[in-house]
Amino acid sequence: MAPNTHSSLTEEEYATYEWQMWVDDFGEAGQERLKASSVLVSRVGGLGSVVAYELAAAGVGKLVLAHAGNIKPSDLNRQILMPHAALGTLRVESAKRRLKELNPRIEIVAVNENVDADNSAGLIEQVDLIVDCAPMFDERFAMNREAVRQKKPLVECAMYELEASLTTIIPGQTPCLACLYPKVPPVWRREFPVFGAVSGTVGCMAAMEAIKVLAGFGNPLTGIMVTTNLREMTFSRRRIQRRTACDVCGNP
Amino acid sequence: MQITVQYEAQARRAAGVGSDTIEVSDACCVNDCIRRVADAHGEQLRSVLVDTNGEIQPALLIFLNDVQVVRQAEGVLSDGDTLTLMTPISGG
Chain E
44 MAPNTHSSLT EEEYATYEWQ MWVDDFGEAG QERLKASSVL VSRVGGLGSV VAYELAAAGV
104 GKLVLAHAGN IKPSDLNRQI LMPHAALGTL RVESAKRRLK ELNPRIEIVA VNENVDADNS
164 AGLIEQVDLI VDCAPMFDER FAMNREAVRQ KKPLVECAMY ELEASLTTII PGQTPCLACL
224 YPKVPPVWRR EFPVFGAVSG TVGCMAAMEA IKVLAGFGNP LTGIMVTTNL REMTFSRRRI
284 QRRTACDVCG NP
Chain L
603 MQITVQYEAQ ARRAAGVGSD TIEVSDACCV NDCIRRVADA HGEQLRSVLV DTNGEIQPAL
663 LIFLNDVQVV RQAEGVLSDG DTLTLMTPIS GG
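As given, the protein sequences belong to chains E and L, one line each in that order.
Taking this note's numbering, the leading residue of the first sequence gets 44, the next gets one more, and so forth.
Taking this note's numbering, the leading residue of the second sequence gets 603, the next gets one more, and so forth.
Heads up, some of the hints might be wrong.
Listed next, the in silico SDA-like pairs over lysine to any residue satisfying Cα-Cα at most 25 Å (straight line) [as the list claims (entries may be wrong)]: (1) K226/E - G644/L; (2) K226/E - N667/L; (3) K194/E - A661/L; (4) K226/E - N655/L; (5) K226/E - R637/L; (6) K226/E - D668/L; (7) K255/E - D668/L; (8) K226/E - A661/L.
Calculated directly from the structure, the hints in this document are not laboratory data.
Could you put together the complete structure from these sequences and hints?
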């Protein structure tokens, strides 16, 4: 097989992505949409490493990776873009190098910063979609506020111990993060129990959400939160609600 | 009537169990039910479910069966319902 005459895909790209283009409602048109798409992955830790890896493998045209700081030994049980040999070096540079080894065809922008209220507008302006993998709620709220303002879809994924949650926010259509949590949750702490297999599981699911939204197929988790408990291997789908008078998405 | 209360994330850890089955009166609402399990389990669970004024924590995610209960509504319960209490998580 070869790309059709008007395809934006090269023959090499066509050969690389051929097996996923066999998904009927994705196809060559879906692959072209991924190639033309851009995603911000906020932090490339246990969760974001896997998100970025799967999006790079799938052929998303541009990834912006935002994560401050150097690789520490305690990162290595889950942050799969951070090899032992890179201890002490910048996380985003290691991530960029590993992703380029996997897929040299895509553009990767490495930003040695965590997302905050000051840089969120500029980072989100560069992309079509955000995957939120931040470990602190203030970062998540900064991204949510700016995603709503710029009307960009935001895949919200998080984990704790052997549990995880996932939903896809479409500004104006679904609850936003501030609808769910009107105040900063008081019990969350930055250090949390984590196996790489748990963050990796929800990372793959979040990447699939991003691919579906960007390529326009399947049924993204809009207005639905999936939670999973890998201790029991259970999954739940629950309906979430927009909150009256949300001060971010202004739901009337 | 009988209600199953299911705990997720830090609420599960604080409760020390995945769920409780409790007997409540027909007039019991969602918030009553939360206060009831907070009282039964002690301070560790209480601190993640209710604030120092005894109000339900605003960031607590509450689901009645498979639908989120919004803060303004004091959901009415029926026999056999499952109430899920989930503390917000942000691990990345």
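Hint numbers not upheld by this structure, sorted from lowest to highest: When the structure is compared with the hints, none of them turns out to be violated.
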